Structures are given as structure tokens and as C-alpha cells.
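Asker: For reference, the chains in residue letters:
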Amino acid sequence: MMEILNVQQITRIYDGDFPVRAVDGISLQVERGQFLCVAGPSGSGKTTLLNLLGGLEKPDSGTIVIEGEDIGKYNRRQLAELRLRKIGFVFQELNLIPVLTAEENIEFPLFLQGIAPAERRRRALKVMEELELSGLAERKPHQMSGGQQQRVAIARAIVADPALVLADEPTANLDSATSQNLVTLMKRLNQEKGITFLLATHDEQILQEAPRVIFLRDGKVIRERR
Amino acid sequence: MRIFVRLAWRNVRRNRRRSALTVLIIAIGLTTLIISNALYDGFHQQMISNAIKVFMGHLQIHAAGFYQNPSVEKCFISPPQEVFRSKNEIAAFARRVRVQALASSAYNSQPVMVVGIEPEKERLVTNIERSVVSGSYFSSSSKVSQDCLVGERLLSTLQIGLGEKIVLVTQAFDGSIASDAFRVVGACHTGQPEIDRNTVWITLASAQNFLVYGDKISEIVLLLKSPADVERVQRELKEELGSNRLEVLNWKEIAPDIVQLVELDVAMQTVLMIIIAVIVAMAIMNTMLMAIQERFTEFGIISAIGTKPHQIIGMLIFESFFLGLLGLAAGAVLTGLGLVYFFIHGVNLASFSAGVTKFIGLDTTVRPVLTVSQVVRSSVVVLASSTLISLFPAFRAACADPVKAIRHI
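Read top to bottom, the protein sequences are chains A and B. The numbering of the first sequence is my numbering, which starts it at 1 and goes up by one. The numbering of the second sequence is my numbering, which starts it at 1001 and goes up by one.
Calculated from the structure, these hints are not laboratory results. This structure is a prediction, so every number in the text was calculated from the model and none was measured. Think of the CB as a built atom: it goes at the ideal place given N, C-alpha and C, for glycine as much as any other residue. Take the hints with a grain of salt, since some may be wrong.
Subject to a maximum C-alpha distance of 27 Å in a straight line, what follows is the list of computed BS3-like cross-link-like pairs (lysine-lysine) [claimed, not checked]:
#	chain 1	residue 1	chain 2	residue 2
1	A	Lys73	B	Lys1308
2	B	Lys1308	A	Lys58
3	A	Lys140	B	Lys1404
4	B	Lys1225	A	Lys86
5	B	Lys1053	B	Lys1225
6	B	Lys1053	A	Lys58
7	B	Lys1308	A	Lys140
8	A	Lys86	B	Lys1053
9	B	Lys1404	A	Lys73
Which stretches of chain B does chain A cover? Using the computed rule of at least three CB atoms under 8 Å from a CB of chain A, they are [stated by the list, open to error]:
#	segment
10	1298-1307
11	1398-1406
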């Protein structure tokens, strides 16, 4: 399978009175269409790793290559472009823009890419139909449940066909049934559409079902399960 | 950019109470600016108009040097009246003789300015006829008569009444002492204490006879249809009349103190405009900083999904632009109401009138004068200050580290 992400020996140290090695020499390869979970307790470096992979932070050392491009030398603008074109994000909460409807939220990355309104709408409606969100098109975030908001966030993350979707504890604030539904949805999208997912979580239920899991502790990979 | 415009508009409506308060501050700022400027302009216009209509006219023509040293020798033969009649910009003109003299009654004496006027023409140029508060205006314009009008206060200084005589003594054109008695037929209240205190009007023919002037005069006073034409007509007359022999002065040159007063007021208006612009800007900045603080996580999210800093800046500038526009709309309504009130009632300066009229001869009630340029300038200042001030908070939001922003709850 084609490699989509190649990470070599990346390190991220947070300076301060007591410097913290949040990510400490992690290497990782992810192939297109994989569903990978990053597990570990709080403070193990999951979020920092995802931020580094998503170009939200720069590593202090090591290389990150996404679809053959080393993003280490990218400036702020190039990183924004990378996030826009190649990466979809799903955060823990407050994912959506409160003043936009579900449909507008989903269209937002397409708008940023400069796609024409008709095409934007067509693609947003298609994704909403696939994720069974059609009935929520005109709702604003405060008119939706937490689970519905996260589904809209996933729709927004995949609508622009990114190379990689990074989800940082997307089920952290959801009840177990809603969490299960969300994970099932992501796995379906992974299997049916071949979308590459990389999830940070410590939800045991998700980890049990994940085909590949890497376990972090103190910023290091301590174990990998396939 | 359309979605950011839409986002900006919806964000304005997001916290309606805060937006409404901001809009109200902008509206009050704009209203204060426009009304105060309109009142200032009304004050200036009234002051200038009064000064012109009381005595000065828009333009005066004298023998060269008369303005600096108004002596009896500095007189001239009036140019043909066709010179003035041929100019459409000139509404009216009148010839005068002007000389310093000593006025005496049986009880007192007072240095005065004697003005010889053409009664029929002078009434078209100045308000002299309307300023007669007791007695009557001259009945004849051409005949030599011994009638005179005096300033209201001069009457009491000389301790005389209507119908009584005063004696004017001065040096005549031929070097002899001119002395003659004139009967007071009317008292004038012009509103300018200086004039009311020491001016005597006689007819032009009487003055020419009194000073042995023949057909000579001291000045020609011109009233124009529009003040905007003053400089141009002055230039044309200088060319036509020859600047060596005669001087053609406009009202600004004759009364530079009024010009200085207006300039001082304009400087104060500018200071007021700056203060209001700063207040409006601070209100907007406060609103935008609060909005950004509340939405910091949101900026992190949209930045994370690929929104570029300039797009965030654009969105926030649009937000403050919309607040500014709403403020202008609300300000237009408030300003309209305020102007209607001030147009009807005016601003009564009665408590200051004694001081004010002493200097400039002003009515006690000032009404606003609204000009398009003033409204446009005030609106642009308010809108620009409200929009540009958001650049600081906008840069702050756009340059925020998305990771820190997302964690900021």
C-alpha cells in the first residue's frame, strides 16, 4: 500500500522551568487507508503528536513527510495550506463555527479552497447524505446534540477529500452509545471510502476495535498492536 | 470573501446587547460630531453674515492706503457705476464718505465716525435701515440735508434725544475746519456695540458738502449674491480698477479678527473630532477584544482547518465595519432628531450674548448649518476609526498560535 505519512525521530520539547519532552523520538509510518489509534494516558503526548502531524506545531527535531512532502521547513502560510488541502481535523469539542449552519460548516473548507458555490453545495450535500445528516442542514451547532455536532465535524473533515483525518479524542465528551456510533461511522468511512484516520483516544472500547494501535507513555512509543 | 462577510454579520448579531451598546456609542459620537459642527458652522455663518450686513459688505474699495490710515485726504472719484452693474455676482453696492470727527451736544462730546451714505443704496447693502430702533431712516437720498442717524448708545453719551441737534467738527478736504450742526432723526441698534457707541450717519451729499469733497468719496461697499464669489470678483475688480490707485479689500482682510476666531473654532472642532473618533475607536476595540477573547478557541479551530491569517483579519474588520455602519445608521436617525430640535429652537446664547455681541455683533440664538461635506467628513471619520481600530485585535486573533487558541477555554 502507498505510504501517506512517514515520521522519523520527531521530538517536541516544551520549554519552561521544567522542560517537558512531550514527544520524544517517535517514528511512525502510516499507509493510505489505515485506521490508526494513538493511545495513552493523559500527558502521554497524544495531542502533541497529532498537532505535529497536522502542522499545528513544529517538531524540535526529526522529519514529518506527508504524501512525499517534508513539512518541516513549511512556513505558517504553507502549513495552513497543508492543513486545508491534505488534513481533516476533528477536535474534542467546540469543533464548529457557532454562527454557521451544519451545511455551511461542512462547506467551509471547500470555500477556503476556492471551490465554486454550486460544487461546494453538491459535495456538502453528498457527504451529509452519506453521514445521515441531511435533516440537520439548516441547524446551527447549538441546535444539535454533542453527537450530531461531532458527526458534522467529521463531515467537514472529510468533505475536501484529505489525505489524512486527525481526530483528537473525538468521543471524549460523548456518552458510550454515541461514542460507539461515531467510531462505527469513522470505520465505515475508512473501509468504504478508504479515508485514512488517525485517532488519539484512551477509550478502551475504541481501542479494542482498532486494527492498529500505538501506545504512548512520556512521549515515547512503548508498544504497538496490529 | 463572501462567507467571511456572512460570518462577520452573524457575529455582529451573535451578542446583540453588546453590539447594540457599541452601535449606540458610535451613534452618539456621530450625532455629537455632526450637531456640534453644524452649530459651529451656524455660529460662524451668522457671525460673518452679521458683520457683513451691519457695515462691512463683502468687498470694499478705497483709495490706496485708506484701510491702514483712513484720513480725509484719501478719497477718490467713484468709477462708473457700470463697472459694478455689469457683474452679475454683485447684488448691490453703495458709495460712502467716512471720516473721524468730534460730535458734541450741549452736554457732552464724543469722538465719532461720520459715515455719509446713499440711503436708497445703503439699505440694499447693509441692515442700517432695519437697525433704526427709534425715529426714522433718511427720507431722501440725494439732497443735502442736516438730518443724521446716530448709534443708540451715542444718544445717551451725548445726553440728547430725537430731534435735538449735534455739532460735528472735523478737518475738511481743503484743510479747513469743517463744523456743522445736524438734527438727530433716528437712533440705530446694529448689535455691534462699537458702531452703536460712536457712529453718526449723514447723507452722502451732506458729507461731501461738509468735507468740501465735491464728487469724491471714501469707499464703495459691495454686497455679493454668493460669498463663494468674493475672491474672484475681488481679483477682477483689482484688474479693472487698477491696484495702484485704489485698494479692493474683501471682508477677511477688513476683519481678520473674525477669520482668526473662525480658525480657532475650526481647530477646536478638529480636536473634538479627534476626541470623538478616539472614544468611538475605544468602544469598538473594547467590543472586538471581548469578542475575540470569547471566540479564541473558535479562531484556533478555523485556523487549524486552513483559514489564513488575512482571512481572519478581514472577517474581524468586516465585523467592526458592520458595527460602524449600524452606528452610522442609528447616528443618522439621532442626528436628524437633534437637528430638527435645534432648527426649531436654536441654541440660546443669551447668557453669553453680552460678551459675544461686543465682539462680533451676534444674535443670541444660533441655528445649525448642515453641509454635505461636514456630514460626509464626520461619517468617514467615525466609520474609518471604528473599522481601522479593529486591526489591532484582528492581528492578535490572526497571529494566535492555533494550538494555544484551541486549548483556550
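Asker: State for each hint whether it applies.
Answerer: Structure-based check of all given hints:
About 18 Å separates the Cα atoms of Lys73/A and Lys1308/B, which keeps this hinted pair within 27 Å; it holds. Annotation: proposed proximity of Lys1308/B to Lys58/A holds, straight-line Cα distance about 17 Å (limit 27 Å). Restraint check for Lys140/A and Lys1404/B: the C-alpha separation of about 25 Å stays at or below 27 Å, so the hint holds. A hinted pair counts as satisfied when its Cα atoms are at most 27 Å apart, and Lys1225/B with Lys86/A does not qualify at roughly 73 Å.
For the hint pairing Lys1053/B with Lys1225/B, the CA-to-CA distance comes to about 12 Å; that is within 27 Å, so the pair holds. Using a Cα cut-off of 27 Å, the hinted pair Lys1053/B and Lys58/A is violated, with the two alpha carbons roughly 78 Å apart. For the suggested pair Lys1308/B and Lys140/A, the alpha carbons sit about 24 Å apart, so the restraint of at most 27 Å is met. Of the supplied pair hints, the one linking Lys86/A and Lys1053/B is violated, its CA atoms being roughly 78 Å apart against a limit of 27 Å.
In summary, the hint linking Lys1404/B to Lys73/A is supported, as the alpha carbons are separated by about 21 Å, within the 27 Å threshold. With 8 residues carrying a beta carbon less than 8 Å from a beta carbon of chain A, the segment 1298-1307 of chain B meets the three-residue requirement, and the given coverage holds. Chain A is given as covering the segment 1398-1406 of chain B, and this holds because 3 residues of the stretch bring a CB closer than 8 Å to a CB of that chain, at least three being needed.
Taken one by one, the earlier hints fail for this structure at numbers 4, 6, 8, listed in ascending order.
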